[in-house]
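A.B. asks: Sequence:
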Amino acid sequence: MNDRRKPHPFDRIEPKWQARWDERRQFHAPNPGEAGFDPARPKYYVLDMFPYPSGAGLHVGHPEGYTATDIVARYKRFCGFNVLHPMGWDAFGLPAEQYAIRTGQHPEITTRENIARFKTQLKRIGFSYDWEREITTTDPDYFRWTQWIFLQIYNSWLNPETQRAEPISTYKDNDPDSVRLAYVAEVPVNWCAELGTVLANEEVIDGKSEVGGFPVVRRPMRQWMLRITAFAERLIDELEPLDWPVGIKLLQRNWIGKSVGAEVRYAVADRDEVITVFTTRPDTLYGGTFLVLAPENPLVDRLTTNEQRAAVENYRAQISAKSDLERTELAKEKSGVFSGAFAINPVNEKRIPIWIADYVLMGYGTGAIGGVPAHDERDLEFARKFGLPIVEVVEPANGESPTGFFGEGMAINSPLIDGLPTTQAKERITDWLEERGAGRRRINYKLRDWLFSRQRYWGEPFPIVWENGRHRSLGENELPLVPPPLDDFKPTGSGEPPLARARDWVRYSETATRELNTMPQWAGSCWYYLRFCDPRNPERFVGVEAERYWMNPSPKTVAQGTKPSTLASNSFAPGGVDLYVGGTEHAVLHLLYARFWHKVLFDLGHLSTNEPFQRLVNQGIILGEDGRKMSKRWGNVIDPLDVIADYGADAFRCYEMFMGPLEQMKPWSMAGVEGLARFLARVWRLMMEENQAGEWILSSALVATGPDKAQLKVMHATIKKVTEDIEALSFNTAIAQMMIFVNAFTAVEARPVAALRLLLILLNPFAPHLASELWESLGEKFPLSPNEITDQPWPEYEPEFLVEDEIEIVLQVNGKVRDRMIVPLEATNAELEELARKNERVREFIDGKTVRKVVVIPKKLVNVVAN
RNA sequence: GCCGAUGUGGCGAAAUGGCAGACGCAACGGACUUAAAAUCCGUUGGGCUUUAACGGCCCGUGCCGGUUCGAGUCCGGCCAUCGGCACCA
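Counting in the numbering used here, the first sequence runs from 23 upward without gaps.
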């Protein structure tokens with residue numbers, strides 16, 4: 023590789039332009055009110071999911087999305103937009119803390135080093151970030167506002183009347199702590215002993231921690247929770263108008279998991295107790311032959327009869343000993359125990375047994391269900407195992423057996439609703455329940471409240487103190503609350519967070535102590551896109567004017583016709599980041615959490631839009647050359663800097679985009695990079711040649727004369743294709759078109775400078791160093807004022823150059839291509855048919871047959887149908 | 001099990017229902033060179049066919065069927081791979 027002559031001097035020109043861009047503050051986007059701000063320009067906010075600066079550095083997967091957004095950013099600047107294109111660091115996180123535990127090196131040092139490495143890599147790729155807006159979530163100037171936002175959440179509640187978050191002061195009942203959007207609860211949590219911390223459900227995969235793969239067990243602990251469930255409905259509804267991939271919307275909807283149904287109250291026989299269950303099929307109530315409680319349900323203690331107590335306790339002990347993993351692994355076989363108690367089915371007054379089984383989850387619904395074995399797969403399995411009665415109450419339309427039919431049909435054996443189809447039966451029976459106070463309509467969500475505390479050192483401390491067993495918030499003037507210095511970052515092992523070691527820090531006053539938990543890593547990434555709008559503001563998390571400017575659609579963009587929303591809601595205010603690109607791994611959690619925080623801040627009047635990200639695109643994973651996922655284990659990880667050393671940043675960027683559609687998973691190919699390097703070298707040699715001393719000088723083939731007709735056609739076809747493809751993020755085909763352009767101009771001896779200049783503008787977003795350098799070189803001999811590529815407008819194509827005088831018409835017989843002919847553009851359909859019928863090849867194939875029909879598609883083809 | 005995405009040459013991939021395989025990689029041939037590299041020009045889905053020559057014919061977009069003058073594209077049914085969820089009542 024090294025002994026090969028470099029095809030063009032990228033190693034010289036790339037650092038040159040990168041330095042120049044820095045000196046000129048080329049990509050700094052001025053805010054309203056700042057010097058250089060031009061209110062006439064529309065804005066465009068294009069954002070990458072900012073990385074966690076790991077010790078391993080970037081691999082070629084990261085820059086795929088970054089290159090895509092960089093192309094869009096540079097393109098939009100040519101189009102006259104004021105472009106916000108920032109980058110920063112999601113720097114709190116477990117790896118730095120674990121490294122600190124192993125080595126004693128403070129996570130701050132590790133983090134700083136990792137950031138430096140990442141930044142070097144990103145700069146070497148030539149991304150046009152506004153580095154003056156760089157932010158780091160571990161910086162006190164940043165996390166003071168993370169803490170401030172937490173206090174906003176802590177000090178508000180969701181008013182059920184308005185369905186909007188309001189200051190807690192508007193809550194008039196006597197226990198505000200019971201409705202705060204941030205609250206403390208004793209909840210069964212995922213405790214990971216190895217990591218010494220609790221984890222969110224989402225961070226637990228198959229009963230093991232997502233980080234490290236350590237075992238996780240359920241255990242009740244006192245934790246901070248965020249009331250995201252209060253926003254479940256809005257998180258579903260307001261997803262609708264967003265320009266996101268349908269698959270991601272679906273993933274979010276499924277995660278929230280809305281179920282519409284009814285709550286049914288069962289009186290317990292001979293006891294003053296009531297069991298409430300949730301069902302989506304109230305129409306099957308007559309088929310309910312038993313109730314099942316989750317083992318953790320507190321009712322179990324009160325209902326179990328003395329005869330059954332030993333058996334029940336034994337069962338509960340078995341269940342609690344199981345990890346979540348075992349519980350799901352053993353899910354194939356139903357287990358359970360009879361409580362000894364009975365309930366009364368409200369629709370028919372029948373006594374039905376109350377069972378306890380772990381297939382009923384405490385965390386969903388009411389932790390109790392009505393067993394309808396005929397029409398629920400799980401209940402059927404359970405009933406068969408324990409010999410419980412099966413009553414059929416829904417008849418399928420196709421005449422199959424009702425038992426084991428789980429779909430919708432017609433109600434039978436149900437006096438109140440017999441003969442009704444399921445939908446109506448549900449309505450009727452729910453009305454009946456509501457009239458008698460035996461139940462009511464109810465919507466349930468799979469989404470749980472967000473477990474927000476972690477027992478870690480390397481995270482944002484909670485701005486909370488405890489006094490007399492109660493929590494209260496710090497004042498805003500006490501922020502940022504910086505973590506205390508520590509030497510020992512290890513978990514204490516008891517579940518008490520490492521911050522407990524900082525005795526002096528913990529003591530807030532004579533009578534008050536600080537909260538010891540820290541926030542999860544998600545916290546910093548929930549609002550970073552807002553801070554980018556105004557990253558140095560010392561007064562506010564984001565300035566009012568900056569937020570309004572960057573987060574709302576430009577008037578021009580709106581005029582261009584964003585579709586009016588179908589959503590008629592008082593909480594609807596369209597806008598947000600114009601383009602957000604990142605991996606699918608954040609399809610659910612990060613996006614859901616960020617949307618939640620955004621809505622709280624919007625409701626409280628701190629923001630002007632109700633959603634953070636208007637348009638979302640997921641880039642696909644880049645696999646190793648062996649087709650496997652890139653990982654240290656397979657030794658197939660590729661470092662961008664190695665690629666750049668051999669082929670240059672421009673070739674790297676172009677290859678990343680040429681590999682295939684952005685959203686698709688695709689394997690890396692070094693030979694492919696070489697191909698793109700060759701393409702760029704061909705561009706270089708269109709304009710440059712070597713003199714006898716081996717120096718690059720302007721090519722003698724360059725001419726000041728205008729391009730000819732054929733050349734104009736290629737030029738305008740390329741403008742059209744590249745422009746449309748960038749808008750559609752189809753970068754691979756945009757590059758293919760530029761290759762066609764280059765191939766066309768390689769073949770000619772006299773190359774019009776105007777055509778080459780056009781190419782350089784179109785190529786600039788993809789290969790900015792090369793395009794800038796060549797543009798500058800052309801200016802030496804062919805002066806232009808102003809002679810700066812970035813001062814050029816994006817070219818517009820003229821359709822007149824694309825139309826031809828003559829066009830090729832395909833001739834088909836029975837749908838098969840048999841010949842083609844060149845005809846004048848203005849040829850009529852009748853003339854085309856006439857020519858087709860006379861065509862020798864066509865006649866050959868219709869010979870001896872009868873022409874049934876002739877299909878003429880103007881400017882395209884003639885199809886003669888004959889048999 | 002449920003939901004979603006994807007299936008096109010040796011490889012990465014293109015194709016508003018209208019010439020399948022643009023563009024690139026790899027391979028092969030040629031020019032330049034003492035030679036190689038680099039560069040430039042050409043060939044390259046499969047099969048069949050004495051085509052003097054420009055060639056010609058058939059098949060081909062995971063499989064089966066349908067709609068249509070015409071299907072990679074639309075519809076129905078399968079199969080395979082990948083991803084997500086997974087006792088959510």
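These are calculated hints, taken from the structure and not from any lab test. All of these numbers come straight from a predicted model, not from anything done at the bench. Where a beta carbon is used, it is the ideal one built from N, C-alpha and C, also for glycine. One or more hints might be untrue.
Keeping only pairs whose Cα atoms sit at most 30 Å apart, straight-line, the calculated DSS-like set for lysine-lysine is [said to hold, decoys possible]:
hint, residue 1, residue 2
1, 65, 145
2, 230, 194
3, 881, 742
Derived Cβ-Cβ restraints for the label pairs, each shown as a range [as the list claims (entries may be wrong)]:
hint, residue 1, residue 2, range
4, 335, 383, 30 to 36 Å
5, 60, 749, 51 to 57 Å
6, 60, 880, 45 to 51 Å
7, 648, 499, 54 to 60 Å
8, 512, 687, 24 to 30 Å
9, 694, 749, 20 to 26 Å
A.B. asks: Each of the hints needs a verdict: does it hold here or not?
C.D. replies: Right, here's what the structure says about each hint:
This hinted pair checks out: residue 65 and residue 145 have alpha carbons roughly 24 Å apart, not beyond 30 Å. This hinted pair does not check out: residue 230 and residue 194 have alpha carbons roughly 43 Å apart, beyond 30 Å. Annotation: proposed proximity of residue 881 to residue 742 holds, straight-line Cα distance about 20 Å (limit 30 Å). In this structure the supplied range 30 to 36 Å is violated for residue 335 paired with residue 383, their Cβ-Cβ distance being about 20 Å.
Checked against the hint of 51 to 57 Å, the pair residue 60 and residue 749 fails, with Cβ atoms roughly 23 Å apart. At roughly 46 Å, the beta carbons of residue 60 and residue 880 sit within the given window of 45 to 51 Å. The beta-carbon spacing between residue 648 and residue 499, approximately 57 Å, falls within the hinted interval of 54 to 60 Å. Distance hint check for residue 512 and residue 687: the Cβ-Cβ separation is about 39 Å, which falls outside the suggested range of 24 to 30 Å.
Separated by about 25 Å at the C-beta atoms, residue 694 and residue 749 satisfy the suggested range of 20 to 26 Å.
Figure legend: structure checked against the earlier numbered hints; hints not met, in rising order: 2, 4, 5, 8.
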